[in-house]
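Engineer: Based on the sequences and whatever the hints tell you, model everything.
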Amino acid sequence: MAEKVLMKGNEALAEAAIRAGCKLFFGYPITPQTELAAYMAKRMPKIGGVYLQAESEVAAINMVYGASAAGKRVMTSSSSPGVSLKQEGISYLIGADLPALIINIQRGGPGLGGIQPSQADYWQATRATGHGDGQIIVFAPSTVQEMADLVASAFDLGDNYRMPVMILADGLLGQMMEPVELPEPLGDAALPARPWALTGHHGQRSHQVVNSLFLDAQELEDSIVRRFQRYEQVRKNEQRAECYLTEDAEVVAVAYGAAARVVRSAVNKLRQEGLKAGLIRPISLWPYPVDVLEHQVGISKAFMTVELSMGQMVDDVRLAVAGRRPVNYFNHTGGIVPTPEEVAVALRRVLAGEELHIVPFHSKLKGEQQ
Amino acid sequence: MSAPTTEKQSEKILFSRPKALAEVLTNYCPGCSHGIIQRLVAECLDDLGIEGRTIGVCPVGCSVTAYDFYNCDMTQAAHGRAPAVATGIKRALPDSMVFTYQGDGDLASIGMAETVHAATRGEKITVIFVNNAIYGMTGGQMAPTSLPGQVTQTSPYGRDVAAAGYPVRVCELLSSLDGVALAERVTVNNPKNVRAAKKAIRKGLEYQMEGLGYSIIEVVATCPTNWGMEPKDAFEWLADNMLPYYPLGVYKDIKAVGGSAAVADEVGNG
Amino acid sequence: MAENMNIMLAGFGGQGILFAGKIIANAGLIDGRQLSWLPSYGPEMRGGTANCSVCLSDEAIGSPLVTEPDALIAMNLPSYERFVSSVVPGGVVIVDSTMVGTCTMRQDIEYYTVPATALAEENGLQGLANVILVGKLLSATGFSTEDVVKRAIDKSVSAKHADLAEANKRALAIGEAWAVQEC
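Chains as they are written, first to last, in the numbering used here: chain A, 387 to 756; chain B, 14 to 283; chain C, 21 to 203.
It cannot be assumed that every hint is accurate.
Not everything, but these chain A residues come out facing chain B in the computed CB check (under 7 Å) [claimed, not checked]: (1) Val436; (2) His593; (3) Asn597.
Computed footprint of chain C on chain A, listed as stretches where at least three residues anywhere in the stretch have a Cβ under 8 Å from a Cβ of chain C [claimed, not checked]: (4) 650-656; (5) 719-727.
Rather than coming from a laboratory, the hints here were simulated on the basis of the structure.
Even glycine gets a Cβ: it sits at the ideal position worked out from N, Cα and C.
Structural biologist: In structure tokens form, the structure reads like this:
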């Protein structure tokens with residue numbers, strides 16, 4: 387077993403990517419993902435890789451497009467406002483069936499928002515990651531170890547299904563340090579072949595094209611339908627979630643990433659009081675782990691989501707639960723991480739049969755409304 | 014389509030399709046300069062024997078489907094992003110030859126940031142820039158290079174520089190950047206200029222082969238359809254109106270004696 | 021094995037708050053415990069207040085954001101005032117009395133006042149008041165052992181500044197040995 391080292395989440399993502407065979411990194415500075423780019427700037431030249439600070443997020447994602455088309459494992463990282471700029475390029479990656487790893491260390495939005503941790507880009511990542519019909523795989527780690535582990539999965543699934551993969555984390559996970567056991571480095575020989583890549587035909591084959599344009603409407607539809615057939619495979623095979631104390635849980639909280647860590651502490655508090663609370667922690671946000679929720683509907687009386695947004699993932703829980711159980715929610719927006727005690731209070735109220743739809747009040751309004 | 018059979022084997026073939034140019038019909042309008050320029054690029058790939066290691070990047074614009082027209086590997090970039098895509102390819106495969114083929118809207122408007130930064134990084138790519146002073150594919154709107162007073166669909170009273178600003182002279186702009194190895198403006202309105210254009214394109218590719226930096230060959234071109242002219246009249250309009258605003262010549266050549274500044278002066282005086 | 025402990029360290033940017041937290045975190049790593057280290061980040065880093073949450077536990081750590089610290093290290097008055105009320109009853113507060121000066125005290129928590137900044141200067145250890153306070157935390161709570169914390173210092177100083185490890189260890193020893201005083 388490799389020795390555990392203390393690393394920031396951002397650094398663990400970077401090192402794990404290098405070990406997964408990522409040879410090129412293109413990015414643009416933005417808080418709170420900066421350590422990732424800085425780590426790459428230091429390491430890439432030493433492994434014969436490429437670190438390039440692009441002139442913009444737009445350029446960075448298009449450099450990713452070029453390097454992926456050329457057959458290499460490549461990534462970019464950013465934070466919320468920067469990911470908005472990358473959306474154009476992500477749509478092209480989807481349309482050209484190109485794998486790539488995109489990291490979003492979320493901060494508060496909309497607009498310039500704030501720089502504190504947030505989960506308000508859930509809809510963007512899972513619903514509207516660019517124009518057109520299309521999806522990307524989205525993973526949501528909640529520990530530094532998981533950040534390192536999911537990077538290799540992300541690259542592998544991207545290659546398997548020929549699609550971009552996003553790791554959706556947040557400022558809290560990016561900035562925190564935890565012990566991490568890094569995966570063994572993959573040799574180049576272990577990387578999957580990309581026979582479709584543009585490497586120059588060298589007189590050995592006919593020319594290849596990487597492209598997202600289909601001027602013939604039928605051809606366009608056919609290409610999209612083929613892609614969605616792959617998405618069906620992804621939905622079937624790649625759902626991931628952690629279930630914590632759910633087997634007998636009367637109330638189940640659903641939370642991912644940093645929020646899930648707070649909920650875990652809250653669930654522990656309730657269990658100490660003898661109350662049956664559990665946590666479902668989606669690890670894949672797309673595909674959403676609907677099978678786990680389907681199973682839980684047969685066990686629990688009520689659900690409650692906890693998010694660092696006004697309530698976005700709650701839509702997916704409602705879709706999965708389909709009206710069979712109440713779906714409550716408890717939220718804070720970007721920058722305000724709820725305390726385990728707040729979440730515990732909310733879970734106790736749900737257990738007592740209350741329907742909770744708590745969104746944060748303006749501090750001045752708080753007194754009037756409660 | 015197969016090559017025409019010759020009755021006498023002794024016949025000398027003076028003109029044939031370049032090997033790098035695929036045997037497909039293009040979608041360009043009659044009289045459009047794209048056909049000539051694309052052919053010149055293909056001839057240069059043949060002459061230099063580099064088709065097998067070349068990857069081309071198409072823009073958004075009339076040449077958006079040029080990936081079908083070349084026999085080398087090709088990709089297609091988002092509007093204006095060809096220099097960034099080319100950067101990604103070249104950094105991933107430093108031994109490959111990478112060219113972009115971009116129009117004026119793509120290169121000098123929506124993709125200006127990507128253009129300037131690829132140039133200043135000295136990205137080892139070759140850019141073929143087709144300047145026809147109008148947006149062709151979308152049907153004739155004002156381009157960043159449309160001339161003062163030029164009537165287009167979106168400058169129906171003529172380009173008013175007080176409101177719409179001035180045209181961008183791309184070679185002049187880029188020639189001030191240290192990463193640029195070659196910036197040359199050519200045109201294809203007569204056989205002599207076509208030969209000069211081919212020489213410039215070839216030089217741009219050779220500079221890339223030598224790892225000298227970014228090269229751009231700006232080709233002043235016609236758009237008879239959107240200019241509303243016969244092809245012949247369009248070439249005349251080009252000579253009378255565009256060339257005075259966009260003088261032909263070498264704006265930067267890092268191999269030139271006396272350096273780029275002297276070269277630019279010479280062009281300016283000419 | 022020491023008890024589970026949630027620690028808040030707070031002070032001005034530049035006082036070495038994050039580094040002090042890193043030493044504690046590295047000690048947890050060497051002890052083979054679960055741990056998390058979470059800094060405040062952003063504009064606060066530029067000369068404003070800085071704080072750092074460190075959790076040491078033998079179970080998986082939930083929220084890494086310490087909201088109810090078992091121990092607080094405060095290196096200036098604003099930080100002390102901001103966090104003292106959140107310390108759990110029976111918890112430990114260690115203050116740099118050189119910087120904090122006089123302060124209102126709670127009766128239900130244990131106080132250790134160390135003139136860390138003055139001690140650092142007297143001993144030629146400028147800039148190491150933070151490590152002196154970690155030394156006091158060690159002797160006050162036993163969050164780890166002296167040997168492990170010394171090794172944690174070796175891990176925490178960057179290769180470039182390896183020569184500073186000895187000074188850090190001296191600072192640690194000064195803090196550890198500092199007799200308890202009330203402020």
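Engineer: Work down the list of hints and note, for each, if the structure agrees.
Structural biologist: Structure-based check of all given hints:
no. : hint    : verdict
1   : Val436  : holds (5 Å)
2   : His593  : holds (5 Å)
3   : Asn597  : holds (5 Å)
4   : 650-656 : holds (count 4)
5   : 719-727 : holds (count 4)
Of the hints listed earlier, there is not a single one the structure fails to meet.
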